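6 protein chains.
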Amino acid sequence: MIFLTRRATFSASHYYWNDAWPAEKNEEVFGRCANRNGHGHNYTLEVTVAGEPDPVTGFVVDLKWLKDVIEREVLAAYDHRHLNLEVPEFAASKLIPTTENIAIAAWRRLEPVVTAAAEADSSRARLSRVRVYETPEIFAEYRGGL
Amino acid sequence: MIFLTRRATFSASHYYWNDAWPAEKNEEVFGRCANRNGHGHNYTLEVTVAGEPDPVTGFVVDLKWLKDVIEREVLAAYDHRHLNLEVPEFAASKLIPTTENIAIAAWRRLEPVVTAAAEADSSRARLSRVRVYETPEIFAEYRGGL
Amino acid sequence: MIFLTRRATFSASHYYWNDAWPAEKNEEVFGRCANRNGHGHNYTLEVTVAGEPDPVTGFVVDLKWLKDVIEREVLAAYDHRHLNLEVPEFAASKLIPTTENIAIAAWRRLEPVVTAAAEADSSRARLSRVRVYETPEIFAEYRGGL
Amino acid sequence: MIFLTRRATFSASHYYWNDAWPAEKNEEVFGRCANRNGHGHNYTLEVTVAGEPDPVTGFVVDLKWLKDVIEREVLAAYDHRHLNLEVPEFAASKLIPTTENIAIAAWRRLEPVVTAAAEADSSRARLSRVRVYETPEIFAEYRGGL
Amino acid sequence: MIFLTRRATFSASHYYWNDAWPAEKNEEVFGRCANRNGHGHNYTLEVTVAGEPDPVTGFVVDLKWLKDVIEREVLAAYDHRHLNLEVPEFAASKLIPTTENIAIAAWRRLEPVVTAAAEADSSRARLSRVRVYETPEIFAEYRGGL
Amino acid sequence: MIFLTRRATFSASHYYWNDAWPAEKNEEVFGRCANRNGHGHNYTLEVTVAGEPDPVTGFVVDLKWLKDVIEREVLAAYDHRHLNLEVPEFAASKLIPTTENIAIAAWRRLEPVVTAAAEADSSRARLSRVRVYETPEIFAEYRGGL
Numbered sequence: 003m004i005f006l007t008r009r010a011t012f013s014a015s016h017y018y019w020n021d022a023w024p025a026e027k028n029e030e031v032f033g034r035c036a037n038r039n040g041h042g043h044n045y046t047l048e049v050t051v052a053g054e055p056d057p058v059t060g061f062v063v064d065l066k067w068l069k070d071v072i073e074r075e076v077l078a079a080y081d082h083r084h085l086n087l088e089v090p091e092f093a094a095s096k097l098i099p100t101t102e103n104i105a106i107a108a109w110r111r112l113e114p115v116v117t118a119a120a121e122a123d124s125s126r127a128r129l130s131r132v133r134v135y136e137t138p139e140i141f142a143e144y145r146g147g148l
Numbered sequence: 003m004i005f006l007t008r009r010a011t012f013s014a015s016h017y018y019w020n021d022a023w024p025a026e027k028n029e030e031v032f033g034r035c036a037n038r039n040g041h042g043h044n045y046t047l048e049v050t051v052a053g054e055p056d057p058v059t060g061f062v063v064d065l066k067w068l069k070d071v072i073e074r075e076v077l078a079a080y081d082h083r084h085l086n087l088e089v090p091e092f093a094a095s096k097l098i099p100t101t102e103n104i105a106i107a108a109w110r111r112l113e114p115v116v117t118a119a120a121e122a123d124s125s126r127a128r129l130s131r132v133r134v135y136e137t138p139e140i141f142a143e144y145r146g147g148l
Numbered sequence: 003m004i005f006l007t008r009r010a011t012f013s014a015s016h017y018y019w020n021d022a023w024p025a026e027k028n029e030e031v032f033g034r035c036a037n038r039n040g041h042g043h044n045y046t047l048e049v050t051v052a053g054e055p056d057p058v059t060g061f062v063v064d065l066k067w068l069k070d071v072i073e074r075e076v077l078a079a080y081d082h083r084h085l086n087l088e089v090p091e092f093a094a095s096k097l098i099p100t101t102e103n104i105a106i107a108a109w110r111r112l113e114p115v116v117t118a119a120a121e122a123d124s125s126r127a128r129l130s131r132v133r134v135y136e137t138p139e140i141f142a143e144y145r146g147g148l
Numbered sequence: 003m004i005f006l007t008r009r010a011t012f013s014a015s016h017y018y019w020n021d022a023w024p025a026e027k028n029e030e031v032f033g034r035c036a037n038r039n040g041h042g043h044n045y046t047l048e049v050t051v052a053g054e055p056d057p058v059t060g061f062v063v064d065l066k067w068l069k070d071v072i073e074r075e076v077l078a079a080y081d082h083r084h085l086n087l088e089v090p091e092f093a094a095s096k097l098i099p100t101t102e103n104i105a106i107a108a109w110r111r112l113e114p115v116v117t118a119a120a121e122a123d124s125s126r127a128r129l130s131r132v133r134v135y136e137t138p139e140i141f142a143e144y145r146g147g148l
Numbered sequence: 003m004i005f006l007t008r009r010a011t012f013s014a015s016h017y018y019w020n021d022a023w024p025a026e027k028n029e030e031v032f033g034r035c036a037n038r039n040g041h042g043h044n045y046t047l048e049v050t051v052a053g054e055p056d057p058v059t060g061f062v063v064d065l066k067w068l069k070d071v072i073e074r075e076v077l078a079a080y081d082h083r084h085l086n087l088e089v090p091e092f093a094a095s096k097l098i099p100t101t102e103n104i105a106i107a108a109w110r111r112l113e114p115v116v117t118a119a120a121e122a123d124s125s126r127a128r129l130s131r132v133r134v135y136e137t138p139e140i141f142a143e144y145r146g147g148l
Numbered sequence: 003m004i005f006l007t008r009r010a011t012f013s014a015s016h017y018y019w020n021d022a023w024p025a026e027k028n029e030e031v032f033g034r035c036a037n038r039n040g041h042g043h044n045y046t047l048e049v050t051v052a053g054e055p056d057p058v059t060g061f062v063v064d065l066k067w068l069k070d071v072i073e074r075e076v077l078a079a080y081d082h083r084h085l086n087l088e089v090p091e092f093a094a095s096k097l098i099p100t101t102e103n104i105a106i107a108a109w110r111r112l113e114p115v116v117t118a119a120a121e122a123d124s125s126r127a128r129l130s131r132v133r134v135y136e137t138p139e140i141f142a143e144y145r146g147g148l
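Protein chains in written order, with my numbering: chain A, 3 to 148; chain B, 3 to 148; chain C, 3 to 148; chain D, 3 to 148; chain E, 3 to 148; chain F, 3 to 148.
Just chain A, with the same shape it has in the complex:
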């Protein structure tokens, strides 16, 4: 099995805040991240699919297709956005957009599309891993069963 990865970047704002807590507790737990004006990052997203290379094309997946999927499913919603205010999975549910939760959310956006393509074409790959770097020093990875 081959694991094929495509990297993409997006710039977004966020803050960490729990409405059920008083301001003091938010500041104690979340420190400078509790600033409600928001701050931001250049996020790097690494999307890994796993499968066998097609014997004719040598592709596990067509990387142009994968790039388009990442842009349509994730970057169109996250890039140049305020994650807490504009991205539904965080805004609607008050889910805090930590690096961990962004990795899970990106997986949930990508997995049905990659799986549907694989079911339509048995040679296609499955989503294997989503890694999100908040900075070069901090990253979170969510893995499926592969």
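Bear in mind the hints are in silico, worked out from the structure with no lab data behind them. Predicted model only: the values in this text are computed from it and were never measured. One should not assume that every hint holds.
One copy or any two copies: either way a pair holds, since identical chains are not told apart in the list.
Stated by the list, open to error - Restricting the straight-line Cα-Cα distance to at most 30 Å, the calculated cross-link-like pairs of lysine-lysine (DSS-like) are: (1) K96 x K27; (2) K96 x K69; (3) K27 x K66; (4) K96 x K66; (5) K69 x K27.
Starting from the known structure of chain A, fit chains B, C, D, E and F onto it as the hints suggest.
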């Protein structure tokens, strides 16, 4: 002459908006950066001083001192902040926090402190250059006379 | 178990082309990569071996030996070469040198040598993973059973 | 004055060969680069313009415009191409596409467009520097008068 | 399960030497690393914990806590030190501080603290992986059962 | 004029210490760098020459020659060495091997060789700049008249 550089990073939000223009013109000129919810970046700041190494210490400046100056004069004001809303040189004057303007603003914060230290100690270096990376692909540099 | 990795780089040309297809289909599927004049990349190869550190030397493998194996088995054949025209596993079989196929081909070149060394010296490590970066944004990884 | 830089990348093939020399001399002078099948690189291009930020927009130049200029004037001709065979300034004149010559050639492609824009709009910046990385270890820089 | 990683750096000296061998054999096996004056590296340490994000905070672990643990348990002992002479696990046992052994040693320093925190708070994560880069070209990884 | 740069790396130990001062003052001024056991870094050296490309070869200098000069004049003396104890310009004169002083010392090692080659061959380039990175966050640059 030796040019000595210390790099630091900060994470901040910003947007591009001119109050004198209608929303349509802001969107036309600034594109996705005109989103008033803000978006953000991991900025990298490179501060360069120029001078002769001290013959006893081998230092152009003490890098611990330079690191403290950068943290106190720039990072304390910019890191984990919304540049348009919380940083005086942008908020008060409605100056747009482009990479170019951030480089000039950081120079203006650092130059008096570095110059005052040089005047108090003739062997100290002068501020030579401030470079700001908004992303690894975009950076602006402001240079003094050295 | 420890996983020890050595990185190396090589510069090579390639193109994507299937002789069984008309030019139009090659251009449709492979886009700009179908240019028969070729284009090229600075590839990065990461070779990972897995094993226990030798209690005397602290080595899973001698990294000088591993560097020599990578240079002799892979770089001597790939570096400053046109993969489609000069590298046997691609040229002879018309196998398209995608990042995925390069990772598999490098594994096949390295694995017998690493395994033979391990069989001659029971403390030596087995090949665990080969990762190939075509650009910093695209990489493929092939893993053995470890 | 502010120096504003935009980075871009392209992947291309090249070789080093002087038709006036016998093969032996080409191999002696150019080593592995004399392989006529070509080899390739992921080139990084850094384009720097210099000027004063516009007081209204905060822009030295509009970076979307600069990105478009780089793509239209340089990347459209160089990316996924064989520099010796397909790029006119190298192919027609048998000029060897060394890193040095690529930096000069990119300057010549970009300078008239940047200068014409500056003449049409006195606040615009002039081209200041073009840097080309052949690998992370080798780069050439061509500077104008700024 | 989410894998969350924090990167840190330290600068240290080391050499490779086995007291049970004559100098000639040390030089033959360890090459330039056998220089008893020592040489040094900027090491990068990546510490990965694995767990479920806390539904309230979105944290697998508090990254400020993890940073403090890394600094207290590893960097305080290794940074700006001579590993062979000053770090007990290498100095006392004459264990050679290869990249492999540093990865294992860092794991042993970190694992009890991370595990104790997890036992005190059932939502906390377990230590999953420690990776040490000696240079950008050489790294070793030690993994627990996750 | 073209500025052509070749990057190289070396790993070395050093400490900061002034024999004329008591231990307390060394520790106060130099902090953790005053540890006499030494600590180390992966240094990156960037050597820039300036000149006109040769019209036949397209070379400002032959990069293989420049690489050999760097290895013979600098790396052979500095790599895998203790700068304070084994490198004459620091050991003999008790000059402290700060990043600033290493940049000057590398210039003095390289400049006569590059200048002599230029005088023997009028098309050759002159040494323009030496930059030394102690870490990715700290670097010093020494420039000649070009």
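For each hint, the structure was consulted:
1. K96 x K27: For K96 and K27, the Cα distance is within 30 Å only inside one copy (17 Å; across copies 33 Å).
2. K96 x K69: This pair counts as both: shortest intra-copy Cα distance 29 Å, inter-copy 27 Å.
3. K27 x K66: between (46 Å within a copy, 16 Å between copies)
4. K96 x K66: between (34 Å within a copy, 22 Å between copies)
5. K69 x K27: between (41 Å within a copy, 21 Å between copies)
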